[in-house]
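Chemist: Based on the provided sequences and hints, a complete structural model is requested.
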Amino acid sequence: MHDEAHQQILLLLIIVFPLGGAMVNGLVGRYMPKSLVTLVGVGSVAVSLGLAVTTFIELYALSGHDLEHPALTYQFYEWFSLGLPGGKVVAINVRFLMDSLSGVMTLVVTGVGGLIHLYSVGYMGEDEGYPRFMSFLNLFMASMLILVLGSSLPVMFVGWEGVGLCSYLLIGFWYENRVYAAAGRKAFVVNRIGDFGVLVGMFILVGVAGSFEFVEINAAATNGQFRADFPFGIFGVMPSLATVACVFLFLGCTGKSAQIPLYVWLPDAMAGPTPVSALIHAATMVTAGVYLCCRLSPLFITSDVAMAIIAVTGTLTALLAASIAVVQREMKKILAYSTVSQLGFMFAAVGVGFFAAGFFHVFTHAFFKACLFLGAGSVMHAVHAHGDADIFKLGGLKKMLPITRWTFLASCLAIAGFPLTSGFFSKDEILLGAAAQIYRPDDSLQHAVGWFTLIGLTLAAVMTAFYMFRLYFLTFTGEYRSADQSGDHPYDAHPHESPPSMTIPLVVLGIGALFAGFLGLPHVLPITGTHLDEWSWWGHWMHSSVAGRPVPEEMHIVNLASGLAFGAMAIGISAAWMLYRNKSRDALAEKMPKRLFELAFDKWRIDELYGVTIVNPIKQVATVVGRADMTFVDALMTKLPSFNVREAGRIFARLQSGVVQMYGAVMIVGVVAVLAFFWAPHSHIEVTFEGNNVDLTTPLGLGYEYRWDANSDGEFETTWAEAPETSFAYQKADVRGVAVFIMNARSGVERRVDVGEDWVRLPIEAVAPAATLRRDDVGFEVRLDGEDLVFRRPDPPTLLAGSKELRLPLGKDGRLGPARVIARPVVEATVEVRNAFGNQRRATKEITLPFWIEEPPSHAVLTPRSHEVVR
Amino acid sequence: MISPGTILFVTTAIFAMVGGLITVSARRPLRAAIGLLVHIVSLAGMFLTLDAQLLAALQLLVYAGAVVVLFVFVIMLIGPASEVGAIQGRLASRALSLAVTIAIVLAVSTSLANFDRPWGAVSEDFGTVEGLGMAIYSEALVPFEVISITLLVAIVGAVAIARSRTE
Amino acid sequence: MGVGTYLALASVLFGIGAAGFLTRRNMLIQLMSIELMLNSVNVVLLAFNRVNPANHDGQVFAFFVIAVAAAEAAVGLAILIAYYRVKKTIDTDDASLLKY
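Residue numbers (the working numbering), protein chains in the order written: chain A, 1 to 871; chain B, 872 to 1038; chain C, 1039 to 1138.
Simulated from the structure, these hints should not be mistaken for laboratory data.
Heads up, a few of these hints could be off.
The calculated label-pair distances, taken between Cβ atoms and stated as ranges, are [what the hints assert, rightly or not]: (1) C:Ser1134 / A:Glu647: 16 to 24 Å; (2) A:Val674 / B:Val1013: 24 to 32 Å; (3) A:Gly664 / B:Gly1004: 33 to 41 Å; (4) A:Arg842 / B:Ala963: 34 to 42 Å; (5) C:Leu1135 / A:Gly649: 16 to 24 Å; (6) B:Gln959 / A:Phe643: 35 to 43 Å; (7) A:Thr688 / B:Val1013: 47 to 55 Å; (8) A:Val674 / B:Ile973: 18 to 26 Å.
Here are a few chain A residues that sit away from chain C, every Cβ distance over 12 Å (derived from the structure) [stated by the list, open to error]: (9) Ala228; (10) Asp304; (11) Leu420; (12) Ile571; (13) Asn582; (14) Asp602; (15) Gln661; (16) Tyr663; (17) Glu750; (18) Leu784; (19) Glu787; (20) Glu832.
If the Cβ cut is set under 8 Å, some of the chain B residues that face chain C in the computed set are [stated by the list, open to error]: (21) Ala904; (22) Leu907; (23) His910; (24) Ile911; (25) Gly916; (26) Met917; (27) Ala923; (28) Arg965; (29) Ser968; (30) Val976; (31) Ala984; (32) Trp990; (33) Phe997; (34) Ala1025.
No residue lacks a Cβ here, since even glycine has one placed at the ideal position from N, Cα and C.
Modeler: Here is the structure:
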C-alpha cells in the first residue's frame, strides 16, 4: 500500500516554518521591532499555507490516477524502535502523510490559522506580550500540523501533546491573573486524563497490529484482526479488541474535543485572548478528536459498541451544552458552549457511521465558529470590554459595527442550518446518518441509538438556532444600552468598527461560512436532492481515506432528515425573533422556573460535582501524604542522619582534651603501630587455576624475599628470591584430603563435605529439597575407602529401601538421587616471606583443586609419601 | 670474657637508667635536674665505649655544662612554684599511657636485643677530634653553618620570649 | 656487647623518657624527659656508626642532634618562663585551652 505514496519533502517544511517562527519570536522576539515580529509570525504561517496549497494540488493531481489510497509521504528519520513480546520489532519513524483527510485538514489549519494570525496583529498588537503571543501561536500551528500530518500514532501524539501544551500557554497568556492561570492549568490537567486513554488505546493497537502506522492499523482492522476478544471482560461480557481500543481512544477524544465527561475545561478556556479561542477552541485543536476518529475509521467501524457509545455521548454532550448556552449572558461563554455542542454533533455523526459527514461539519464549523469568535472579539475590542462582553449591556451595534454585524449574521445563519449555508449541508448529513440507523431494525443496538441520536440532535438543533439568534439579536439589534453602564468597567459609549486587519479575516471567514458548504452538494440534483457520500465532491474526496456506513438511497429517509433540520432551524429562529429582537430583557429567564434557570446558568454544577467527588479527595490524600512525608521521611532521612553525625561528633570531640600529653601518647601509639607494620612481613596466598596448572601468588612487599613450598611437604621448591608467584602441577601424592561437593540442581543448594576414613553425614538439604523428605529421614553418610567413596543410608526410612552401599571411584562424578556428587582433592601450599630486617613469616593455605588429578600413565612416580599406595 | 669495655658499658648503662628514672619520678625539679645530670654524664661515658671521643666531650660540655645549668637557672627563677605536686587527676589515662609505653618498650627492646651485626673495624682517627672534625668540616659543612645560625636564632628567640614585659 | 644491647638500652631509655613525658604534670620535668629521649637517639646513632665505621655519618648526625637539642631546650624554657609569667603555674593539667 505504500507504493501509492510519493515522497514529498515539502510536508516537512510545512511544519518547519511555523516552528522556526515560534523559536525566533520566542527567543529574540522581545528585542525585535513589532513589525519584524509580525513578519516572522504571520509570514511563517503564510509560507506554510503556500506549501500546503502546493502539496494539496499535487495530491489532487495524484488522486486522478485511480489509486486506492493516494497519498504523499515523507520520512524524516527513524526515532527509535520497540521490541514487542513475541520478538517482533516495531520501528517508530518520524514520518508524514498527506492523504485526502489530512490534506483538507492541513488547508483548514493553515488557512484559518493564517487568517487568525492576521487578526491577532490588530487585536494583540498593543499587548506587551505580543512577541510571546505570536511565538505561542506559531508553536501551536506547528504542533497541530504535526498532529495532522503524522503518519503514525506516536508522531500524532507528539502533536497532540504539543497542542495541549500550547493551549495551556495561550489560555493562561495573561498569567498574572490567577483566574486565567488556573483556567490554563485546568485545561492541561483535564487533557492529560484524556491522553492516558490515547496511550492505552495506542498500546492495544500496536499489540494487535504490530505497527503504529495508521495505514497498517487500518489494514489490520479491515482484515478483521481486531475482532478477537479482549483478555478481560466486564460483568461477564467479553468486548472485542476493537471495542476496547476504540473506547480508550475515545476517552482521549473526550479530553481533547471537550465531550462528556472531560468538557469542563473549554468554557473556562475563554480566559485566553479571543484569537486563541477562535483558533484553538473552535477551529482546530478541539477537532483533533474527530480527526483521530476519522483517521482510524476502519477500526471504529468494526466495533458497534464503541460507535454506540460515541453516538450517545456526542448527543448528550450536544444537549447538555446547548441547555447551558441558552441562559448564559456573556458572548464568549455562549460561543464556548456552542462549540462543545457542535462537537457533540460531530461525534454523533461519527457514532452513526457517517465519518465523512462528521468531518464535513468540522470543516464548516471551522469557518463559522472562527468567524463568530473573531466577531465577538471585534465587538469586545470596539466597546473596550475586558475578558468577556455581557450581551445585556450591548445592543444596537448593527449601526456602529456593520462589517462585524453582517459576518456575524452570516455565521449565525450557518450554525443554525439556514438553507444553502454551509451549516445546512453538514448538519443535514448528520441527521441523515441518525435517520438511516432508525431504518435498520435488524440491529437493535443501532436502531435504538438511531432514535436517540435523531431526537436528541433535533432538540439540540432547535436550541442551537435559538441561543445563537438570541445572542445576535441582543447584541446587534435594538438600542445600545450605554445608559445602563455601571460598575467597574463601563463599556465605551461610542463603539466604532475594527481596523482592517481584523475585519478582513471576518469577511473571508464569513464568505466561507456561507458558501463552503457547496462542496457537500451532491452532483445529481433533483429538487429534493440526494446526499450520497460518493456523489458529492466532499464524499468522493474523503472516500479514499475515510470509511463509513452506507448512505441510504430511500428518499423518505432523506426527507425526514431534511425536514427535521429545517423545522428545528425555523422554530429556533422564530422563537428568538419573538423574544429578543429589539428587546433588552431576558424574557426566557423570566418565564422559566427559577430553580431550573439557576441550575442551567450554573452549568448544572458539574464542576462543583467534580470538585466534591474527585478534586477534594485527591487534595485530602495529598495533604495526608504530605504530612506523612514531613513526619516520617524527613525525620528518617534528615533528622536521623544529622542526629547521628552530631552525636558522633560530640563523642569524638572528647579526643580533643587540650592536654598535650594525651596528644603525645596518641602519637607514640600511632608511630609504633606504623613501625610494627613495617617490621614484620605479612603475606597470604592467592590461587588461580590455569587448566590443570595451579598459580600461587602472594602480595608484593618492599624488600621482601619469598620461598615457596607448594605442596607443603617440607621441602622448598624455590630458594629465596624476589618472585612473589610460582606455579605448580600437583601430583596425586600431594593430596591431603578429599572434599565432596553435593549439588542439587533443582534447589540450587551446593554443600561441601570433607571426607576421611570415618563415616560423615551428608547435609540432607543438598541431596533433596527439604519439602520432599520425611521428618525422620537422616539421609546419607559417606566415607573414603581406598580409592573409592562409599555412600550408605544409616537409617533407611522404609524397610523396603534397603541398606545398599554405593561405591563411587574417586575422579568420577556421580549421582545420588537428584543430586550430583563430585569429589575433589585438597592440597596445601606454604610460602615463607622475609623482609629486609630479617624477620620471617610463613603462610599456608589449603587449596581445593577444581579438577581431579589424573595419574600420569606408567611413569615412575617420585618418592612415596605417607600411607598412600602408589600404582 | 669480661673486658674493660664491658664493665664501662654496664656501669654507664646502669647509671643512665637510674638517672633517667630519678628524672622522671622525682617530686622536686631540682632532684630531677640532678638525675638528668647523672644520666648525661653516664652517657658520655658510654659514648667512649663506642669510640666517639669528641662526642663524649661535647656531651659533657653542652648538655651537662649548658643545658642542665639552664634548667637549674629556670628552676631558681621560678622558685617555689616549680614544684607542682604529686600526680593527681587523669589517673586512668596516665596509667594507660604508662602501660602502653612499658609494653612497647618491652616488645621493642626484646626484639632489638637479638639484632646481630658484627662491629666494624675502626681506623685510628675514628671518632677523634681530627676524624670527626674533618668529617664535619668537609661533608657536613653546610649543616654546620646552618646550625650556627639556628643557635643564634634560638638565643634571640629565647631572649625575646622570656623578656619581662614592663608595661 | 653486641649492637643489640645498645639498641635495647636505647629503647629502654627512650621508654623512660616517654613515660615521664606522658605522665608528669610538671612542665620542667616534661622538658627534661624530652632530653632523655633525644639522648637515647644519640646512642642508637653512635652504635650504628660503630657497626659501619667507614664514615662518620652517625656521629655527625649525633653532633647536630646535640646542637638542636640545646637550642630547643633554650627556647622551650623561654616559653615556659613566659607561660609562667601569665599563668603563675607550670602545671600542664591547667594548660587545656585547646580543649573542645
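Chemist: Run every hint past the structure and note whether it holds.
Modeler: Right, here's what the structure says about each hint:
1. C:Ser1134 / A:Glu647: 16 to 24 Å: 23 Å, holds
2. A:Val674 / B:Val1013: 24 to 32 Å: Holds, since Val674 (chain A) and Val1013 (chain B) (Cβ atoms, about 31 Å apart) stay within the stated range.
3. A:Gly664 / B:Gly1004: 33 to 41 Å: About 36 Å separates the Cβ atoms of Gly664 (chain A) and Gly1004 (chain B), which means 33 to 41 Å holds.
4. A:Arg842 / B:Ala963: 34 to 42 Å: 39 Å, holds
5. C:Leu1135 / A:Gly649: 16 to 24 Å: Given about 20 Å between the Cβ atoms, the range holds.
6. B:Gln959 / A:Phe643: 35 to 43 Å: The hint (35 to 43 Å, Cβ to Cβ) holds, given that Gln959 (chain B) and Phe643 (chain A) are roughly 37 Å apart.
7. A:Thr688 / B:Val1013: 47 to 55 Å: 53 Å, holds
8. A:Val674 / B:Ile973: 18 to 26 Å: Cβ of Val674 (chain A) to Cβ of Ile973 (chain B): about 20 Å, so the range 18 to 26 Å holds.
9. Ala228: 77 Å, holds
10. Asp304: Correct as stated: the minimum Cβ-Cβ distance to chain C is 83 Å, above 12 Å.
11. Leu420: Non-interface label stands for Leu420 (chain A): nearest chain C Cβ at 97 Å, farther than 12 Å.
12. Ile571: Given a closest Cβ separation of 94 Å, the condition holds.
13. Asn582: With a cut-off of 12 Å, Asn582 (chain A) remains clear of chain C, as the shortest Cβ separation is near 93 Å.
14. Asp602: Its Cβ never comes within 12 Å of chain C, the nearest being 70 Å, so this holds.
15. Gln661: Per Cβ check, Gln661 (chain A) is inside 12 Å of chain C; nearest 5 Å; violated.
16. Tyr663: 9 Å, violated
17. Glu750: The claim stands: Glu750 (chain A) keeps its Cβ more than 12 Å from every Cβ of chain C (closest is about 54 Å).
18. Leu784: 52 Å, holds
19. Glu787: 55 Å, holds
20. Glu832: 23 Å, holds
21. Ala904: 7 Å, holds
22. Leu907: Given a least distance of 5 Å, the restraint on Leu907 (chain B) holds.
23. His910: 7 Å, holds
24. Ile911: Check passed: Cβ of Ile911 (chain B) comes within 7 Å of chain C, closer than 8 Å.
25. Gly916: Violated: closest Cβ of chain C sits about 12 Å from Gly916 (chain B), beyond 8 Å.
26. Met917: 7 Å, holds
27. Ala923: At about 5 Å, which falls below the 8 Å cut-off, the nearest Cβ of chain C leaves the hint on Ala923 (chain B) intact, so it holds.
28. Arg965: 5 Å, holds
29. Ser968: 4 Å, holds
30. Val976: This interface hint holds because 3 Å falls under the 8 Å limit.
31. Ala984: 4 Å, holds
32. Trp990: 6 Å, holds
33. Phe997: Hint on Phe997 (chain B): holds, closest Cβ of chain C at ~5 Å, below 8 Å.
34. Ala1025: Holds - the Cβ of Ala1025 (chain B) comes within 8 Å of chain C, reaching about 4 Å at its closest.
Checked against the numbered hints given earlier, this structure breaks hints 15, 16, 25; the rest are met.
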